[in-house]
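Knowing the structure of chain C, use the given hints to seat chain Y on it.
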Amino acid sequence: DAKTTQPNSMESNEEEPVHLPCNHSTISGTDYIHWYRQLPSQGPEYVIHGLTSNVNNRMASLAIAEDRKSSTLILHRATLRDAAVYYCILRRGHNNDMRFGAGTRLTVKP
Amino acid sequence: NAGVTQTPKFQVLKTGQSMTLQCAQDMNHEYMSWYRQDPGMGLRLIHYSVGAGITDQGEVPNGYNVSRSTTEDFPLRLLSAAPSQTSVYFCASSSPEGNTEAFFGQGTRLTVV
Chain C
84 DAKTTQPNSM ESNEEEPVHL PCNHSTISGT DYIHWYRQLP SQGPEYVIHG
134 LTSNVNNRMA SLAIAEDRKS STLILHRATL RDAAVYYCIL RRGHNNDMRF
184 GAGTRLTVKP
Chain Y
17 NAGVTQTPKF QVLKTGQSMT LQCAQDMNHE YMSWYRQDPG MGLRLIHYSV
67 GAGITDQGEV PNGYNVSRST TEDFPLRLLS AAPSQTSVYF CASSSPEGNT
117 EAFFGQGTRL TVV
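Protein chains in written order, with our numbering: chain C, 84 to 193; chain Y, 17 to 129.
Only chain C is shown next, with the shape it has when bound in the complex:
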């Protein structure tokens, strides 16, 4: 299974952009890059996913390197509510499991 590597923790100031990196050097051609986040005492929630092209949605943007060996989740204006653990996960094309790493704990300072 392809693995992902993320920093253990990051800090941000409120209303500033946050760039959360993820390395996935062994990614295969059919792996989708997913990001989930887990707020305190809650189950994980979907943030965004992509395959090759950069993606935007109402929550965040996903920038994918041209060689697909790394990606960056971008929160354009961090709020206190964005404080969570963010997980970068690879999910293969069909009928394959999702495996979580340790994730990045994001702290947002007022």
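To be clear about the criterion: a stretch of chain C counts as covered by chain Y if any three or more of its residues have a C-beta under 8 angstroms from a C-beta of chain Y, and this derived list gives those stretches: (1) 103–115; (2) 126–139; (3) 164–175; (4) 180–192.
If you're looking for bench data, these hints aren't it; they were derived computationally from the structure. We put the CB at the ideal spot given by N, CA and C, even for glycine.
Positioned in the frame of chain C, the structure of chain Y alone reads:
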């Protein structure tokens, strides 16, 4: 919209007792899975299912059994609970394609004494 429903939310078991954690989804998803999360750790995959009648092991399957008789339900059974199984358990469901969103339940906090 119920999404993924887990019951119970909290449970205390004595060592050696058995119990079943329930998970139900109303989105007609073929793919369902169970994870455990120990304090300060990420989620670890226990078992997963790609459809009714089909299950497979994840990273940490020992001590747990699953079955999938319907699309909606995916119960997790602990046959003989051990203190090492104290954890928060999450159930998830999704369509099987890799480009689809997974939905998670709110978790079951299990303590084995």
